[in-house]
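Q: Each chain, written out:
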Amino acid sequence: MKITTARFGEIDIVPDEIIEFSEGLLGFDESRRFIILNPQDGSPFRWLQCVENGDLAFVIIEPLNFMFAYDLDISDSDAAFLGLEKAEDAVLYSIVTIPENPSDMTANLQGPLVINVKTRKGRQVISTNSHHSVKARILDEMKKRADEIRKVTESLDSSDKKEGEG
Amino acid sequence: MLVLTRKINEKIIIGDDVEIILVDIGKDQVKIGINAPKNVKVHRWEVYEEIQRENREAAKIKSLDSLKSLPLDIMKNFGKK
Numbered sequence: 012m013k014i015t016t017a018r019f020g021e022i023d024i025v026p027d028e029i030i031e032f033s034e035g036l037l038g039f040d041e042s043r044r045f046i047i048l049n050p051q052d053g054s055p056f057r058w059l060q061c062v063e064n065g066d067l068a069f070v071i072i073e074p075l076n077f078m079f080a081y082d083l084d085i086s087d088s089d090a091a092f093l094g095l096e097k098a099e100d101a102v103l104y105s106i107v108t109i110p111e112n113p114s115d116m117t118a119n120l121q122g123p124l125v126i127n128v129k130t131r132k133g134r135q136v137i138s139t140n141s142h143h144s145v146k147a148r149i150l151d152e153m154k155k156r157a158d159e160i161r162k163v164t165e166s167l168d169s170s171d172k173k174e175g176e177g
Numbered sequence: 029m030l031v032l033t034r035k036i037n038e039k040i041i042i043g044d045d046v047e048i049i050l051v052d053i054g055k056d057q058v059k060i061g062i063n064a065p066k067n068v069k070v071h072r073w074e075v076y077e078e079i080q081r082e083n084r085e086a087a088k089i090k091s092l093d094s095l096k097s098l099p100l101d102i103m104k105n106f107g108k109k
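Chains as they are written, first to last, in our numbering: chain A, 12 to 177; chain B, 29 to 109.
Bound conformation, chain A alone (with noise of 0.2 angstroms):
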């Protein structure tokens, strides 16, 4: 199936991996269908682009490619409309912004997309968690991230070194 888009001009998608958004994004009522383009040179952003708008196309990643942990407590009514049943059928993004300096970008943590991977569900959901901003600054998340991971090599070197001694 072709689609028309502004960005990557025309495309070739596969019906079967269209996601459907039966209520738009927030702010895009009208914008249901959507097909994920993955980017060729490995890199964690994505595009979620609109099938019937070709117009309309977003940035997104998932949070784990940049942040250290992110918990998202999806409610009983937000996983009934998707169909989930378990939460590794789940899978997050968060929609990025990026401004004129690329290093100021930001993802939206507070209304993460949930797509379910089984019935091709999707839904933008609102975190009820007020530590998700919905500008999380994304360069800042990775050196948090980095901290944590250094934090929790060290604790694993010193443990190694204390059963060297004994």
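None of these hints come from the bench; they were simulated from the model.
In this text, all values refer to a predicted model and were calculated from it rather than measured experimentally.
There could be a bad hint or two in this list.
What the hints assert, rightly or not - Sample of chain B residues facing chain A (criterion: CB under 10 angstroms; computed from the structure): (1) K66; (2) A86; (3) S91.
What the hints assert, rightly or not - Computed footprint of chain A on chain B; a stretch qualifies when at least three of its residues, placed anywhere within it, have a C-beta under 8 angstroms from a C-beta of chain A: (4) 76-82; (5) 93-99.
A virtual CB, placed ideally from N, CA and C, is assigned to each residue, including glycine.
Given the structure of chain A, go ahead and fit chain B onto it with the hints provided.
A: Using the frame of chain A, we list chain B on its own:
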């Protein structure tokens, strides 16, 4: 807009199954309780509005070319879970 006057513990019903109760009145705020079916989404208006605004901002991005100016050591740390 319909404007109703209510006292503490008095209710309003919207449709057949959304019930709103005035729980408490403070100096400059009121506490409201809402009973609604699970399929009715209830959120503070500001949160909803902020996410709409952020979506509109995000939809303006035309390409990822500007990311190429980021330092490489940042980019190579991306994507590792």
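Q: With a cut-off of 10 angstroms, does the beta carbon of A86/B approach a beta carbon of chain A closely enough for the hint to hold?
A: holds (5 angstroms)
Q: Would the hint on S91/B stand, with a C-beta cut-off of 10 angstroms toward chain A?
A: holds (7 angstroms)
Q: Taking 8 angstroms as the Cβ threshold, is the statement that the region 76-82 of chain B is covered by chain A upheld or broken by the three-residue rule?
A: holds (count 6)
Q: If you count the residues of the region 93-99 of chain B with a beta-carbon closer than 8 angstroms to a beta-carbon of chain A, do you get 3 or more?
A: holds (count 4)
Q: Quick one, is the K66/B hint okay against chain A at 10 angstroms, beta carbons?
A: holds (4 angstroms)
Consistency note: the structure conflicts with none of the earlier hints.
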